[in-house]
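The two chains are supplied separately, each in an independent frame; assemble them into the complex guided by the hints.
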Amino acid sequence: MLNDFAAMREVQAPAGFVANVLRRVGLIDGYALVSTPIGPRFVAASEAGITAVAQAGPEAEFVRYYRERFGRAVERRDELAPALQAAIDNGKEAAVDLQMCNSFQRDVLEAARAIPAGRVRPYAWIAERIGRPAAVRAVGTALANNPVPLVIPCHRVVRSDGSIGQYALGTEKKATLLEHEGVDLDEVRRRMSTRDVWYEEGEETFCRPFCFDARPLTPDYHIVVFKSAAEARAHGLVPCTTCHPGVAA
Amino acid sequence: MNDVSPVTERTGRRDDLADRRAQRAIARALGESVDAHFEDFVQKYQHRLFGFVLTLVGNRVEAEEIAQDTFVAAYKALLTYDAPRRRALALRAWLFTIALNKVRNRARHAPASSLDDALAEGRVATQDTSLGPAALLERDERAHAVRQALGALAPRYRMPIVLRHLEGFSYDEIAELLDQPAGTARANVHRGLALLRASKELKGATSC
Chain A
1 MLNDFAAMRE VQAPAGFVAN VLRRVGLIDG YALVSTPIGP RFVAASEAGI
51 TAVAQAGPEA EFVRYYRERF GRAVERRDEL APALQAAIDN GKEAAVDLQM
101 CNSFQRDVLE AARAIPAGRV RPYAWIAERI GRPAAVRAVG TALANNPVPL
151 VIPCHRVVRS DGSIGQYALG TEKKATLLEH EGVDLDEVRR RMSTRDVWYE
201 EGEETFCRPF CFDARPLTPD YHIVVFKSAA EARAHGLVPC TTCHPGVAA
Chain B
1 MNDVSPVTER TGRRDDLADR RAQRAIARAL GESVDAHFED FVQKYQHRLF
51 GFVLTLVGNR VEAEEIAQDT FVAAYKALLT YDAPRRRALA LRAWLFTIAL
101 NKVRNRARHA PASSLDDALA EGRVATQDTS LGPAALLERD ERAHAVRQAL
151 GALAPRYRMP IVLRHLEGFS YDEIAELLDQ PAGTARANVH RGLALLRASK
201 ELKGATSC
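Just so you know, the protein sequences line up as chains A and B, in that order.
Going by the numbering used here, the first residue of the first sequence is number 1, and it counts up by one from there.
Going by the numbering used here, the first residue of the second sequence is number 1, and it counts up by one from there.
Because the hints were derived from the structure by calculation, they are not lab data.
Incorrect hints may appear among the rest.
[Unchecked claim] Derived SDA-like pairs (lysine to any residue); straight-line CA-CA distance at most 25 Å: (1) Lys-44/B x Leu-98/A; (2) Lys-102/B x Arg-23/A; (3) Lys-76/B x Arg-67/A; (4) Lys-76/B x Ala-15/A; (5) Lys-76/B x Ala-6/A; (6) Lys-102/B x Asn-20/A; (7) Lys-44/B x Glu-75/A; (8) Lys-44/B x Val-18/A; (9) Lys-44/B x Glu-68/A; (10) Lys-102/B x Gly-71/A; (11) Lys-76/B x Ala-60/A; (12) Lys-76/B x Gly-71/A; (13) Lys-76/B x Leu-98/A; (14) Lys-102/B x Leu-98/A; (15) Lys-102/B x Ala-15/A; (16) Lys-102/B x Arg-24/A; (17) Lys-200/B x Ser-170/B; (18) Lys-76/B x Ala-19/A; (19) Lys-44/B x Arg-72/A; (20) Lys-200/B x Glu-176/B; (21) Lys-76/B x Glu-75/A; (22) Lys-44/B x Ile-28/A; (23) Lys-44/B x Ala-60/A; (24) Lys-44/B x Ser-228/A; (25) Lys-76/B x Gln-99/A; (26) Lys-76/B x Gly-30/A; (27) Lys-200/B x Ala-6/A; (28) Lys-44/B x Ala-15/A; (29) Lys-44/B x Phe-70/A; (30) Lys-76/B x Glu-93/A; (31) Lys-76/B x Arg-106/B; (32) Lys-76/B x Arg-72/A; (33) Lys-102/B x Ile-38/A; (34) Lys-76/B x Asn-20/A.
[Stated by the list, open to error] Below, a sample of chain B positions facing chain A; criterion: calculated Cβ distance under 8 Å: (35) Asp-35; (36) Ala-36; (37) Phe-38; (38) Val-42; (39) Leu-54; (40) Glu-64.
No residue lacks a Cβ here, since even glycine has one placed at the ideal position from N, Cα and C.
If we strip away everything but chain B, and leave its shape as in the complex, we get (with noise of 0.2 Å):
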């Protein structure tokens, strides 16, 4: 209950090491030419992007525009930046710290938004032949109720718990994504989780 390993540990070390290696081959194409490769990189991060900022704020008409606009700010940005620049970018992290912006700008200017319109929205894809159609069902209420409760969180805790366990971001990166010390970001996650376990969302679901 107190430490927990994030989703990505559990899905292979392969994959982590084939997504580095993939994110490492866009920043080197990058590189060599932004226009001839940024749909490529568009394509790549396009779901990971979005599903990111759905989650933040849980809208997904609001999610698509700033996910877009976190792309265009993207693309004129790495063009201002030499090539060895753009080589050495982390390109994930890179991004989701112009989201994390555009997410934190929009909820200075508007109020904040409730979750409540993602409940239909963010369904699952069910291509997990695992796991029986009850199972699915199942699973899919759970998330749906996880997201609902996520929303609810404040943004403190919310933004670190979704870099680490929706996105697998290191302590360390979630630092200098959030600008605050690790530690911080640490106890803040544990801290969110425990709210998250407690709160009414998830009271009665089945236990996790």
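Extracted from the complex, chain A is given alone in its bound form (with noise of 0.2 Å):
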């Protein structure tokens, strides 16, 4: 009799029943295949939000990059396509989970996210604006590491010179990118070159060189250029609360 037991303690749990129990409290994260200007991309999403956009390819090459990167399966949804497409189309409205992020990376991109599209913003004003001013180089890091590139544009982000500067996908993408929100990168690189040039744009504001918030530069635009913050104040005018001239250097 006791042999019979043993045998019977042998039976296996039905095929995916591992999967249907992680499905049912939310542990399996479900993905689906989207459109962006730079090539069809994997985009996962979990119960809180958008939590990878990844180069599409072999799928199972997909579900194991998640797995180590995330520590959480996940599944082709077909149903989330939509939704998904939707996010890239208009990332700012989407949710995103970024719980496998520490909280600098997550300042970072919360301040990433901000930059409205068609403008650039340089990697020291991410900086200054988490209240951090000299972790320019962890900012950087943190942007090539976004778990969510497009849903949270840190294309968008350039050096402080104008020049494009890194990009996880390569610099050729960050252009194709920005090329395609109507950023004139020549433009940025003229604008950003003159660090030390303040723009008055309009009649009451002043700009750090890089703020794209401010009226468009045209050749027969009108621009008073200072030396300082300082200065532009001295002459009546207000920071551009976009751009928050002279918060730091």
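Following this line, the structure appears as structure tokens:
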């Protein structure tokens, strides 16, 4: 009889048992194929929001990458495709899940998220915004490890001299994305190469040279260049609330 | 015939030790993070829990449902426990308690299921190379008959037998799991085994 009991203990749970349990408690994330200006991407999401945007390729490889990077299971769910496509097309509103990022990385990514389409900001601007003005290199690293490129537009962060800077997916893709948003990269370089110069934009605000939130810069547009924020203030101008001129040198 | 040592003891104390160590490691990991380690927990206990429930309810579909419900309930409970409590859990006994309650609740709301559905199910794995094909077949048929006989037993005998002889719990643990004195559990196991041996399902089968 005891031998029979031993044999009975060798029962196997049905195939897919673990996945079914994990799905029911929300521990399997879903992903779908989405089209972007730089080609097809896999976009994954948890219950909380978008977790990953990655190169579309062999599915097994993506599932493996996902487990390694996020420590979670992921499965293809094509019914998510419309919502994930919308998040890529207009990432501003989409919920993102940055659970796997540390708080510094999260701060950097949230700051980058505030940059509107068609605009750029230097790494130093992000460092200032998050209250860590000396951490410019760390900002670069955090952006390079952005798990949700495109949704959080790390491609809009450029070097302080106006050159395009690094991008996890390659400089070329970064340029493609910015041009797709209507950014004139030559103009960016021209403006930002004059680091210590302040443009007076319009009637009463003054900006830093990279501030594309100000009125567009055209050849016949009247620009007054100041040597410092203090000089602009002395002329009765107030600092732009987007680029915060004068926050740091 | 009167007293029998549990199967687990024959499979070797080393396995038991390794098992307990693995159980503690998972409890510790769950203490750190439920979400990060819940999958390991399900991986580790899926077969045992499913087998356990299958033996109690005798129907694969129902057993899968109850086993899944059990893990879902366990997950929700783990989220409400603080880290020290999660670390201190005796995971297998805790999980089986949840399963037992689910089986009991189901029995209260539905007519008792027979083990008939399980007859073709729960076929044993046949990796045991020490047995030839004929012996394996015979063993399968015996296990089959025992499963059928177990299913015909009243739950008050079936549950403690399963816990003792299939799952290897101590009588003290069974007393806790079934919320009854250890002496009662022991008596029910012995009485149940006697009934099992005398049952019509096992009459005429090879002696044990």
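Do the hints match the structure? See the list:
The suggested pairing of Lys-44/B with Leu-98/A is violated, with an alpha-carbon distance near 29 Å, which exceeds 25 Å. At most 25 Å may separate the alpha-carbon atoms for a hinted pair to count; Lys-102/B and Arg-23/A meet this at roughly 20 Å. Taking the CA atoms of Lys-76/B and Arg-67/A, the gap is about 23 Å. The hint holds against a cut of 25 Å. Taken as a hint, the Lys-76/B and Ala-15/A pair is honoured in the structure, with Cα atoms around 23 Å apart against an allowance of 25 Å.
About 32 Å separates the Cα atoms of Lys-76/B and Ala-6/A, which puts this hinted pair outside 25 Å; it is violated. With a CA separation close to 18 Å, the supplied pair Lys-102/B and Asn-20/A stays within the 25 Å bound. The straight-line distance between the Cα atoms of Lys-44/B and Glu-75/A is roughly 21 Å, inside the 25 Å bound, and the hint therefore holds. Our distance criterion of 25 Å between C-alpha atoms is met by Lys-44/B and Val-18/A, whose separation comes to about 10 Å.
Pair hint Lys-44/B plus Glu-68/A holds up; C-alpha atoms about 20 Å apart against a cutoff of 25 Å. Only pairs whose Cα atoms come within 25 Å are accepted, and Lys-102/B paired with Gly-71/A is rejected, the gap being roughly 31 Å. Restraint check for Lys-76/B and Ala-60/A: the C-alpha separation of about 30 Å exceeds 25 Å, so the hint is violated. The hinted pair formed by Lys-76/B and Gly-71/A meets the criterion: a straight-line CA distance of about 20 Å does not exceed 25 Å.
Proposed proximity of Lys-76/B and Leu-98/A is supported: the alpha carbons are some 23 Å apart, at most 25 Å. As the CA atoms of Lys-102/B and Leu-98/A are separated by approximately 36 Å, the hinted pair breaks the 25 Å bound. For a cut-off of 25 Å, the pair hint linking Lys-102/B to Ala-15/A stands: about 22 Å separates their Cα positions. A distance of roughly 17 Å separates the Cα atoms of Lys-102/B and Arg-24/A; the hinted pair therefore holds under the 25 Å criterion.
At roughly 29 Å between alpha-carbon atoms, Lys-200/B and Ser-170/B are farther apart than 25 Å, so this suggested pair is violated. For the proposed pair Lys-76/B and Ala-19/A, the alpha carbon gap of about 17 Å is at most 25 Å, so the pair holds. For a cut-off of 25 Å, the pair hint linking Lys-44/B to Arg-72/A stands: about 17 Å separates their Cα positions. Taking the CA atoms of Lys-200/B and Glu-176/B, the gap is about 32 Å. The hint is violated against a cut of 25 Å.
Straight-line distance between C-alpha atoms of Lys-76/B and Glu-75/A comes to about 22 Å, which keeps the hinted pair within the 25 Å bound. For the hint linking Lys-44/B to Ile-28/A, the alpha-carbon distance of about 18 Å falls within 25 Å, and the restraint holds. Of the supplied pair hints, the one linking Lys-44/B and Ala-60/A holds, its CA atoms being roughly 23 Å apart against a limit of 25 Å. Between Lys-44/B and Ser-228/A the alpha-carbon distance is near 65 Å, which puts this suggested pair outside the 25 Å criterion.
Among the hinted pairs, Lys-76/B with Gln-99/A is consistent with the structure: their alpha-carbon atoms are about 20 Å apart, no more than 25 Å. Taking the CA atoms of Lys-76/B and Gly-30/A, the gap is about 21 Å. The hint holds against a cut of 25 Å. Between Lys-200/B and Ala-6/A the CA atoms are separated by roughly 21 Å; this keeps the pair inside 25 Å, and the hint holds. At roughly 14 Å between alpha-carbon atoms, Lys-44/B and Ala-15/A fall within 25 Å of each other, so this suggested pair holds.
Between Lys-44/B and Phe-70/A the CA atoms are separated by roughly 21 Å; this keeps the pair inside 25 Å, and the hint holds. Taking the CA atoms of Lys-76/B and Glu-93/A, the gap is about 30 Å. The hint is violated against a cut of 25 Å. Between Lys-76/B and Arg-106/B the CA atoms are separated by roughly 20 Å; this keeps the pair inside 25 Å, and the hint holds. Note on Lys-76/B and Arg-72/A: the hinted pairing holds, with a Cα-Cα distance of about 18 Å set against a maximum of 25 Å.
For the hint linking Lys-102/B to Ile-38/A, the alpha-carbon distance of about 52 Å lies beyond 25 Å, and the restraint is violated. Between Lys-76/B and Asn-20/A the alpha-carbon distance is near 15 Å, which keeps this suggested pair within the 25 Å criterion. For Asp-35/B, the suggested interface contact is upheld, since its CB lies about 6 Å from the closest CB of chain A, less than 8 Å. For Ala-36/B, the interface hint holds, the least distance from its beta-carbon to any beta-carbon of chain A being 6 Å, beneath 8 Å.
For Phe-38/B, the suggested interface contact is upheld, since its CB lies about 6 Å from the closest CB of chain A, less than 8 Å. With its C-beta approaching chain A no nearer than about 5 Å, Val-42/B sits inside the 8 Å limit, and its interface hint holds. Interface restraint check for Leu-54/B: the shortest CB-CB distance to chain A comes to about 6 Å, inside 8 Å, so the restraint holds. Against a cut-off of 8 Å between C-beta atoms, the interface hint on Glu-64/B holds, since the closest Cβ of chain A lies about 5 Å away.
Hints 1, 5, 10, 11, 14, 17, 20, 24, 30, 33 from the list above are not met by this structure, while the remaining hints are.
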